[in-house]
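2 protein chains.
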Amino acid sequence: MENEILRALHARKSVRVFTDQPVTAEEREAILQAAFQAPTAGNQQMYTILDITDPALKERMADLCDHQPFIAKAKLCLVFLADCRRWPRAYRAAGMEPRDPGPGDLLLALADTCIAAQNAVTAAESLGIGSCYIGDVLENAEAMRETLHLPAHVVPACMLVFGRPTSQQQERVKPARFREEAVVCENVYRDRTEEELREDFTLRGANVPEFQFDRYIQAFCKRKYESDFSREMSRSAGVYLKDFE
Amino acid sequence: MENEILRALHARKSVRVFTDQPVTAEEREAILQAAFQAPTAGNQQMYTILDITDPALKERMADLCDHQPFIAKAKLCLVFLADCRRWPRAYRAAGMEPRDPGPGDLLLALADTCIAAQNAVTAAESLGIGSCYIGDVLENAEAMRETLHLPAHVVPACMLVFGRPTSQQQERVKPARFREEAVVCENVYRDRTEEELREDFTLRGANVPEFQFDRYIQAFCKRKYESDFSREMSRSAGVYLKDFE
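Read top to bottom, the protein sequences are chains D and R. Just so we're aligned, residue 0 is where the first sequence starts under numbering that gives the first Met the number 0, counting upward by one. Just so we're aligned, residue 0 is where the second sequence starts under numbering that gives the first Met the number 0, counting upward by one.
Please keep in mind that the hints were generated in silico from the structure rather than gathered at the bench. Check each hint, because a few of them may be wrong.
[Claimed, not checked] Now the stretches of chain R that chain D is said to cover, found in silico as 3 or more residues with beta-carbon under 8 Å:
| # | stretch |
| --- | --- |
| 1 | 36-45 |
| 2 | 48-56 |
| 3 | 103-115 |
| 4 | 191-200 |
| 5 | 226-234 |
[Stated by the list, open to error] Subject to a maximum C-alpha distance of 25 Å in a straight line, what follows is the list of computed BS3-like cross-link-like pairs (lysine-lysine):
| # | chain 1 | residue 1 | chain 2 | residue 2 |
| --- | --- | --- | --- | --- |
| 6 | R | Lys223 | D | Lys241 |
| 7 | D | Lys223 | D | Lys12 |
| 8 | R | Lys241 | D | Lys223 |
| 9 | D | Lys74 | D | Lys57 |
| 10 | R | Lys173 | R | Lys12 |
| 11 | D | Lys223 | D | Lys173 |
| 12 | R | Lys241 | D | Lys241 |
| 13 | D | Lys12 | D | Lys74 |
| 14 | D | Lys72 | D | Lys57 |
Just so it is clear, CB atoms sit at the ideal spot from N, CA and C, and this is done for glycine as well.
This is chain D alone, in the form it adopts within the complex (with noise of 0.2 Å):
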């Protein structure tokens, strides 16, 4: 099957090198409303979403988010907080006394969050604009809170940068995801059996020159899960989940 909305969600791939065109105003609009359009749990949309647009501040995102220089030339800067606090606060105006957010409500508001976010991935694509998601933004709580004032029951669920990609971006190829079966069960879960996930990892690395499954699986695990950034960023949730126990 082919249209054009199947073949921009497949074309899309992340930006982190833009030109220096900006983001219209009219084009920062399209973004958001398409995200305000986004699926949402009751109609509530449980986010907030920051317009980062100081250029101290963006430096300072950069510096949080796992010293990513390429945040600070983002051309627009957009903080997705999964926000458990308009509706209580609403629910108080109108003289009811809610019970506390709980783990549930955390939950529930990430992903209206999230869906919100890719909705304004797929809007900027439609619109020759780059996206990349940074999901470093969950480091750092103490500073984060700091930084950005959030309050209690206000998490950050994913940030986005967007730009024109440069034509060297436009000429990266998308790295491979892995096929069906490594993703899909029928009905239930069931794992994969340690064969199935060699060749899983196998074909998704077909690219990849001379790529072997221990030795990519170990340098991945070095460099990504037991780095210091992971680690911070367990850390740095945990504190965020506090608010919700």
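Dock chain R against the given chain D, drawing on the hints supplied.
Frame of chain D, contents of chain R only:
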């Protein structure tokens, strides 16, 4: 700004009543492939998708997800699981001894999962196939784990049901979203004042006959936030979170 993709993102609304027309194997494939092509942290695809094809299991899911019979009538039913288990298993297969997954891994995987799910929604929309998110899949952790054979570190992020909308569903008016200033802040988080909150909700409710802030908010609070299913969702989510402490 307008183009086919932006129009589709705006037009998409939840569909809960489906015609008898099936979702074909080719359409299912296009929906899944679009999900796989979604942005994913470090190209990890930290999700597993369960394709619920067994009618008895669909009935059970309809029951476990706050007793919503329309779920069992879906032509395609996908459970999106945040999967913090596949990569550590691969690490072990490669001879590593990885740390246990932490809260950061879960939040990153939840984002990955919902981002992929939203691509599935947009792909379906492009094919004339309606969809509905079922957040209630977060409830009843113990029964859900048993029913779907979920091991530790695998958490339902959302469920999606698909099918072609009946004409009644096509004609249903999509509920209005908040105005931009209600959900977007420049640079740092700022609470809406009580007055602003009242105006945000009242403007959103402009098409609701005789909308009145206090009455609407009080009813919503009782029906949703203080409901049994909402409390159950938080209890249940807490069960999943325990894996990541």
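Hints broken by the structure, by number, lowest first? Structure breaks no hint.
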